[in-house]
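From just these sequences and the hints, can you work out the full model?
Protein chains: 4
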Amino acid sequence: MNIGNKRWVIPDVYIPAASTGESRELISHDAICILNCNTQDAHIEITLYFSDREPAGPYRFIVEALRTRHLRFNEFTDPAPVPHNTDYASVIESDAPIIVQHTRLDSRQSALALMTTMAYPA
Amino acid sequence: MNIGNKRWVIPDVYIPAASTGESRELISHDAICILNCNTQDAHIEITLYFSDREPAGPYRFIVEALRTRHLRFNEFTDPAPVPHNTDYASVIESDAPIIVQHTRLDSRQSALALMTTMAYPA
Amino acid sequence: MNIGNKRWVIPDVYIPAASTGESRELISHDAICILNCNTQDAHIEITLYFSDREPAGPYRFIVEALRTRHLRFNEFTDPAPVPHNTDYASVIESDAPIIVQHTRLDSRQSALALMTTMAYPA
Amino acid sequence: MNIGNKRWVIPDVYIPAASTGESRELISHDAICILNCNTQDAHIEITLYFSDREPAGPYRFIVEALRTRHLRFNEFTDPAPVPHNTDYASVIESDAPIIVQHTRLDSRQSALALMTTMAYPA
Chain A
1 MNIGNKRWVI PDVYIPAAST GESRELISHD AICILNCNTQ DAHIEITLYF SDREPAGPYR
61 FIVEALRTRH LRFNEFTDPA PVPHNTDYAS VIESDAPIIV QHTRLDSRQS ALALMTTMAY
121 PA
Chain B
1001 MNIGNKRWVI PDVYIPAAST GESRELISHD AICILNCNTQ DAHIEITLYF SDREPAGPYR
1061 FIVEALRTRH LRFNEFTDPA PVPHNTDYAS VIESDAPIIV QHTRLDSRQS ALALMTTMAY
1121 PA
Chain C
2001 MNIGNKRWVI PDVYIPAAST GESRELISHD AICILNCNTQ DAHIEITLYF SDREPAGPYR
2061 FIVEALRTRH LRFNEFTDPA PVPHNTDYAS VIESDAPIIV QHTRLDSRQS ALALMTTMAY
2121 PA
Chain D
3001 MNIGNKRWVI PDVYIPAAST GESRELISHD AICILNCNTQ DAHIEITLYF SDREPAGPYR
3061 FIVEALRTRH LRFNEFTDPA PVPHNTDYAS VIESDAPIIV QHTRLDSRQS ALALMTTMAY
3121 PA
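Residue numbers (our numbering), protein chains in the order written: chain A, 1 to 122; chain B, 1001 to 1122; chain C, 2001 to 2122; chain D, 3001 to 3122.
In short, the hints are calculated from the structure, not lab data.
There's no promise every hint is true.
[What the hints assert, rightly or not] Cβ pair distances, simulated, as ranges:
id	chain 1	residue 1	chain 2	residue 2	range
1	A	Ala65	B	Ala1017	48 to 54 Å
2	B	Ser1110	C	Glu2022	19 to 25 Å
3	B	Asp1078	C	Gln2040	47 to 53 Å
4	B	Pro1081	A	Leu26	40 to 46 Å
5	A	Thr39	D	Glu3075	30 to 36 Å
6	A	Asp78	B	Ser1051	54 to 60 Å
7	A	Asp41	C	His2084	43 to 49 Å
8	A	Ser51	D	Ser3019	32 to 38 Å
9	A	Asp41	B	Asp1041	35 to 41 Å
[Said to hold, decoys possible] Part of the chain D face toward chain A, derived, beta carbon under 7 Å:
id	residue
10	Leu3071
11	Asn3074
12	Thr3103
13	Arg3108
14	Met3118
15	Ala3122
Virtual Cβ for every residue (Gly too), placed ideally from N, Cα, C.
What follows is the structure, encoded as structure tokens:
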């Protein structure tokens, strides 16, 4: 299925600075969940926008054909780690159509909170 | 009303591996809520996409004319149960227009968390 | 501003059967938040769809010109109250363009949960 | 990138009247997160709509080229502060294309809740 869009936007990216959970599942995180329904691999470039400095990136990933990848901003390392407790935004570009959903898990307090939305296809 | 779309995508599907609630209402779950406003039944096929293996499915359901069904991935059995604590994605296809919303209830910690979004009409 | 859409769909409506909060603000509820940016009043009709019986309604409301109304399903009374702990769905129709957002507050456990999405413009 | 839309709508704006957190990060708030991917600054005007009185505003902000801003309604001051525990709605207008996401953090009870959605491009 050749479905989806080649560019997606998430204006509200934020990595909470603390967690009450200790396992990877319960660490506070902001994730972008990407589905590639095509029969060719998708080469992804992610750019981060900040409130007070130049954009950073691109962060590069591959999502193979007929696969999904759930990426977490707090695990990005190249070209640079992503700061915690900072407001930023994100643009995801791909050479093949993909579908992108944005999900945050925040476990700073004694019970986790979740939020999700489809990213904006631009 | 002949409204909706015949294909919908949810990139972020995930079934939390634990729950603090005991009743069915409070068990951690990922649900797809489907509305069929048409006067004919909708025959639904759901395909699951994973990060590291071939897609699974189709899972087949009927949503009758003028009815809604709220399906939970953790209750799927045919052709195979859906693994917990695993990242996957989902494509919902129907022979009649439907509308699909994705909702997760996560009760792993001491108070439940909720998230929801409209699925992506593809 | 003559903006918005005359029909909106919410497939996942559900009123939790219990609450830990006692004030109206903290009672578990499912709300539809409607904005009418037009200079004429909007006459709204809401129909509810169930999993196992005929649709109910219409529930009628007016959203005045240049006003917002945040309606809660658990406060609907005419033509009939809405059952709790039941899966249903909702279609909102208006004679003037409106914008509709769906928000649930669930306070069954010891800390509230929230979820929201824009309704689907059909 | 000249992407986005010049008008966005958020029907469900609400500032919870209390918080359990004490830091700015954990104060209950409703935020609009704006991304400006363009190479020109975006001049933003926000109008608030209420259930029982005339609209208020405009609240004016600038989002510089290639920057994001995460604004909180409870920090608005000019032309007037925004009341807490009141139902309202919001229209965001810009002279350059932007992308807008709406996020609420509610820490009234002992663990915070989150919700988010893309605003409606009108």
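List of violated hint numbers, smallest to largest: When the structure is compared with the hints, numbers 1, 4, 5, 6, 8, 10, 11, 13 and 15 turn out to be violated.
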